[in-house]
Amino acid sequence: MSYNKPMSQIISVRCKLIVPQELRQEIDRTLQGFANACNQILDTAKQKNCWNTAKLHHLVYRPVRAATGLKANHVCQALRRVISNAKAVKQVHKFRPTSLTLDARTFKYRESNQAVGVTLMSGRVWLKLKIGGYQIALLRGQTPTSATLSKTKQGEYYINIAVELDTPPTGKTPKVIGVDLGRRDIATASNGRSWSGEHIQAVRDRFSRVRAKVQSKRTRSSRRLLRRLSGRERRYAA
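Residue 148 in our numbering is what sits at position 138 of the sequence shown, and the numbering runs on without skipping anything.
I should point out that these hints are in silico values taken from the structure, not numbers from a laboratory.
Careful, some of the hints might be misleading.
As the list claims (entries may be wrong) - Just the calculated beta-carbon pair ranges, DEER-fashion: (1) 32 x 233: 50 to 58 Å; (2) 63 x 206: 50 to 58 Å; (3) 17 x 77: 42 to 50 Å.
Note that beta-carbon positions come from the ideal geometry of N, C-alpha and C, so glycine has one too.
When you get a sec, could you build the whole thing from the sequences and use the hints?
Listed below in C-alpha coordinates is the structure:
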(Lines of atoms letter the chains of each structure in order from A; the text may use other names.)
(Lines give C-alpha, C1' and ligand atoms only; values in the text may rest on other atoms or scores of the structure.)
Protein backbone atom coordinates (compact mmCIF):
# COMPACT_ATOMS: atom_id res chain seq x y z
CA MET A 11 0.00 0.00 0.00
CA SER A 12 1.47 3.35 -1.01
CA TYR A 13 0.49 6.87 -0.12
CA ASN A 14 1.85 10.32 -0.67
CA LYS A 15 3.23 11.84 2.52
CA PRO A 16 2.57 15.60 2.64
CA MET A 17 5.73 17.65 2.49
CA SER A 18 6.51 20.22 5.16
CA GLN A 19 8.98 23.00 5.78
CA ILE A 20 10.39 24.66 8.88
CA ILE A 21 10.05 28.44 8.94
CA SER A 22 11.00 31.05 11.52
CA VAL A 23 8.30 33.43 12.76
CA ARG A 24 9.87 36.65 14.08
CA CYS A 25 7.90 38.20 16.94
CA LYS A 26 8.58 41.28 19.01
CA LEU A 27 8.57 40.77 22.78
CA ILE A 28 6.99 43.07 25.33
CA VAL A 29 9.61 43.04 28.07
CA PRO A 30 8.91 44.76 31.41
CA GLN A 31 11.72 46.97 32.66
CA GLU A 32 12.35 44.74 35.67
CA LEU A 33 13.11 41.72 33.43
CA ARG A 34 15.54 43.40 31.05
CA GLN A 35 18.52 43.03 33.35
CA GLU A 36 17.85 39.33 33.88
CA ILE A 37 17.51 38.70 30.13
CA ASP A 38 20.76 40.56 29.50
CA ARG A 39 22.46 38.54 32.25
CA THR A 40 21.33 35.30 30.60
CA LEU A 41 22.45 36.48 27.15
CA GLN A 42 25.87 37.34 28.58
CA GLY A 43 26.10 33.99 30.34
CA PHE A 44 25.20 32.16 27.14
CA ALA A 45 27.85 34.07 25.16
CA ASN A 46 30.43 33.35 27.88
CA ALA A 47 29.53 29.65 27.72
CA CYS A 48 29.94 29.60 23.93
CA ASN A 49 33.33 31.30 24.16
CA GLN A 50 34.53 28.96 26.92
CA ILE A 51 33.44 25.92 24.89
CA LEU A 52 35.08 27.32 21.77
CA ASP A 53 38.38 27.87 23.62
CA THR A 54 38.35 24.29 24.92
CA ALA A 55 37.50 22.89 21.49
CA LYS A 56 40.45 24.75 19.96
CA GLN A 57 42.88 23.77 22.73
CA LYS A 58 41.91 20.09 22.63
CA ASN A 59 41.22 20.08 18.87
CA CYS A 60 37.95 18.36 19.70
CA TRP A 61 34.91 19.02 17.51
CA ASN A 62 32.91 15.89 18.28
CA THR A 63 29.70 16.85 20.10
CA ALA A 64 29.66 13.92 22.54
CA LYS A 65 33.36 14.13 23.42
CA LEU A 66 33.30 17.90 23.78
CA HIS A 67 30.22 17.64 26.01
CA HIS A 68 32.16 15.53 28.54
CA LEU A 69 35.00 18.05 28.51
CA VAL A 70 33.03 21.25 28.99
CA TYR A 71 29.64 20.53 30.61
CA ARG A 72 30.57 20.72 34.30
CA PRO A 73 33.21 23.49 34.03
CA VAL A 74 30.92 25.70 31.94
CA ARG A 75 27.94 25.26 34.27
CA ALA A 76 30.11 26.09 37.26
CA ALA A 77 31.63 29.15 35.58
CA THR A 78 28.44 30.65 34.12
CA GLY A 79 25.60 29.49 36.35
CA LEU A 80 23.51 28.59 33.30
CA LYS A 81 20.79 25.97 33.26
CA ALA A 82 21.75 22.53 31.93
CA ASN A 83 19.85 22.95 28.67
CA HIS A 84 21.42 26.34 28.04
CA VAL A 85 24.87 24.75 28.23
CA CYS A 86 23.80 21.99 25.82
CA GLN A 87 22.47 24.57 23.36
CA ALA A 88 25.68 26.60 23.66
CA LEU A 89 27.65 23.48 22.76
CA ARG A 90 25.46 22.83 19.71
CA ARG A 91 25.84 26.43 18.56
CA VAL A 92 29.64 26.27 18.77
CA ILE A 93 29.76 23.01 16.80
CA SER A 94 27.30 24.21 14.12
CA ASN A 95 29.15 27.52 13.70
CA ALA A 96 32.47 25.70 13.38
CA LYS A 97 31.02 23.59 10.57
CA ALA A 98 29.52 26.60 8.80
CA VAL A 99 32.53 28.93 8.79
CA LYS A 100 36.28 28.44 8.56
CA GLN A 101 37.11 30.58 11.59
CA VAL A 102 34.73 31.14 14.51
CA HIS A 103 35.21 34.48 16.22
CA LYS A 104 34.09 35.50 19.69
CA PHE A 105 30.41 35.10 20.50
CA ARG A 106 28.53 38.23 21.53
CA PRO A 107 25.63 38.46 24.01
CA THR A 108 22.96 39.06 21.39
CA SER A 109 20.98 35.81 21.24
CA LEU A 110 19.94 32.71 23.19
CA THR A 111 18.96 29.36 21.67
CA LEU A 112 15.92 27.74 23.31
CA ASP A 113 14.60 24.18 23.16
CA ALA A 114 11.50 22.32 24.33
CA ARG A 115 12.63 22.49 27.97
CA THR A 116 13.47 26.20 27.98
CA PHE A 117 10.71 27.53 25.71
CA LYS A 118 6.93 27.30 25.53
CA TYR A 119 4.36 29.08 23.35
CA ARG A 120 0.86 29.79 24.67
CA GLU A 121 -1.62 30.65 21.92
CA SER A 122 -4.49 31.59 24.23
CA ASN A 123 -2.90 34.88 25.27
CA GLN A 124 -0.08 35.10 22.69
CA ALA A 125 2.75 34.74 25.18
CA VAL A 126 5.96 32.73 25.43
CA GLY A 127 7.61 31.13 28.42
CA VAL A 128 11.40 31.55 28.40
CA THR A 129 13.75 29.97 30.92
CA LEU A 130 16.37 32.43 32.12
CA MET A 131 19.15 31.93 34.67
CA SER A 132 16.73 32.78 37.48
CA GLY A 133 13.91 30.59 36.15
CA ARG A 134 11.01 30.76 33.70
CA VAL A 135 9.32 34.04 32.84
CA TRP A 136 6.32 34.72 30.61
CA LEU A 137 6.50 37.47 28.01
CA LYS A 138 3.71 38.82 25.83
CA LEU A 139 4.12 38.92 22.05
CA LYS A 140 3.54 42.12 20.10
CA ILE A 141 2.45 40.66 16.77
CA GLY A 142 -0.01 41.18 13.94
CA GLY A 143 -2.37 39.02 11.93
CA TYR A 144 0.40 37.55 9.77
CA GLN A 145 2.30 36.05 12.70
CA ILE A 146 -0.91 34.98 14.44
CA ALA A 147 -1.96 33.04 11.33
CA LEU A 148 1.40 31.27 11.09
CA LEU A 149 1.35 30.33 14.79
CA ARG A 150 -2.29 29.20 14.86
CA GLY A 151 -2.58 25.61 16.10
CA GLN A 152 1.19 25.23 16.42
CA THR A 153 3.10 23.67 19.30
CA PRO A 154 6.66 24.85 18.57
CA THR A 155 9.53 23.33 20.51
CA SER A 156 12.42 25.63 19.62
CA ALA A 157 13.11 29.34 19.29
CA THR A 158 15.86 31.94 19.45
CA LEU A 159 15.63 34.99 21.68
CA SER A 160 17.62 37.98 20.43
CA LYS A 161 18.40 41.58 21.34
CA THR A 162 18.88 44.29 18.71
CA LYS A 163 21.36 47.17 18.77
CA GLN A 164 18.43 49.43 19.63
CA GLY A 165 17.79 47.41 22.81
CA GLU A 166 14.60 45.70 21.60
CA TYR A 167 13.91 42.01 22.19
CA TYR A 168 12.61 39.55 19.61
CA ILE A 169 11.97 35.84 19.49
CA ASN A 170 12.21 33.73 16.34
CA ILE A 171 9.85 30.78 16.73
CA ALA A 172 10.45 27.70 14.57
CA VAL A 173 7.20 26.22 13.21
CA GLU A 174 6.54 23.39 10.78
CA LEU A 175 4.11 24.10 7.96
CA ASP A 176 2.73 21.78 5.30
CA THR A 177 3.66 22.78 1.77
CA PRO A 178 0.88 22.73 -0.84
CA PRO A 179 1.15 19.78 -3.24
CA THR A 180 2.39 20.55 -6.72
CA GLY A 181 0.04 19.73 -9.57
CA LYS A 182 1.01 17.14 -12.17
CA THR A 183 1.48 18.32 -15.73
CA PRO A 184 2.45 16.53 -18.96
CA LYS A 185 4.40 19.59 -20.06
CA VAL A 186 8.13 19.34 -19.38
CA ILE A 187 10.83 21.85 -20.18
CA GLY A 188 14.58 21.36 -19.88
CA VAL A 189 16.91 24.28 -19.24
CA ASP A 190 20.52 24.41 -20.44
CA LEU A 191 21.58 27.45 -18.34
CA GLY A 192 21.96 29.65 -21.40
CA ARG A 193 24.94 27.96 -23.03
CA ARG A 194 24.05 25.86 -26.07
CA ASP A 195 20.28 26.04 -25.86
CA ILE A 196 18.42 28.39 -23.56
CA ALA A 197 15.61 25.86 -23.19
CA THR A 198 14.30 22.68 -24.77
CA ALA A 199 10.64 21.65 -24.56
CA SER A 200 9.31 18.11 -24.54
CA ASN A 201 7.83 18.63 -28.03
CA GLY A 202 11.32 19.07 -29.46
CA ARG A 203 11.22 22.83 -29.82
CA SER A 204 14.38 24.56 -28.62
CA TRP A 205 15.66 28.11 -28.21
CA SER A 206 19.26 28.60 -29.24
CA GLY A 207 21.71 30.35 -26.94
CA GLU A 208 24.23 31.01 -29.70
CA HIS A 209 23.55 34.75 -29.88
CA ILE A 210 23.70 35.16 -26.09
CA GLN A 211 27.00 33.28 -25.97
CA ALA A 212 28.43 35.51 -28.71
CA VAL A 213 27.47 38.61 -26.72
CA ARG A 214 29.04 37.14 -23.57
CA ASP A 215 32.25 36.44 -25.45
CA ARG A 216 32.32 40.04 -26.66
CA PHE A 217 31.83 41.36 -23.13
CA SER A 218 34.62 39.04 -21.96
CA ARG A 219 37.06 40.45 -24.53
CA VAL A 220 36.16 44.02 -23.60
CA ARG A 221 36.58 43.25 -19.87
CA ALA A 222 40.03 41.77 -20.43
CA LYS A 223 41.11 44.84 -22.38
CA VAL A 224 39.77 47.28 -19.76
CA GLN A 225 41.23 45.32 -16.82
CA SER A 226 44.71 45.57 -18.30
CA LYS A 227 44.65 49.37 -17.88
CA ARG A 228 44.29 49.24 -14.05
CA THR A 229 43.01 52.81 -13.70
CA ARG A 230 40.19 54.27 -11.62
CA SER A 231 38.15 55.11 -14.71
CA SER A 232 38.62 51.56 -16.00
CA ARG A 233 37.21 50.15 -12.75
CA ARG A 234 34.14 52.36 -13.13
CA LEU A 235 33.74 51.15 -16.69
CA LEU A 236 33.99 47.53 -15.53
CA ARG A 237 31.12 48.06 -13.10
CA ARG A 238 28.98 49.54 -15.87
CA LEU A 239 29.83 46.65 -18.20
CA SER A 240 28.96 44.13 -15.52
CA GLY A 241 25.52 45.66 -15.02
CA ARG A 242 24.92 45.90 -18.76
CA GLU A 243 25.80 42.24 -19.31
CA ARG A 244 23.65 41.12 -16.38
CA ARG A 245 20.63 43.06 -17.65
CA TYR A 246 21.09 41.69 -21.15
CA ALA A 247 21.24 38.07 -19.97
CA ALA A 248 18.17 38.59 -17.80
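key: Outcome for the supplied range 50 to 58 Å, where the beta carbon pair is residue 32 and residue 233   = Hint holds: Cβ distance 55 Å, inside 50 to 58 Å.
ask   = Between residue 63 and residue 206, is the Cβ distance one that fits in 50 to 58 Å?
value = Between residue 63 and residue 206, where Cβ atoms are some 52 Å apart, the hint holds.
request  = Determine whether the Cβ-Cβ distance between residue 17 and residue 77 falls within the hinted range of 42 to 50 Å.
outcome  = Because 44 Å falls inside the window, the suggested range holds.
Consistency with the previously given hints is maintained throughout, with no hint failing.
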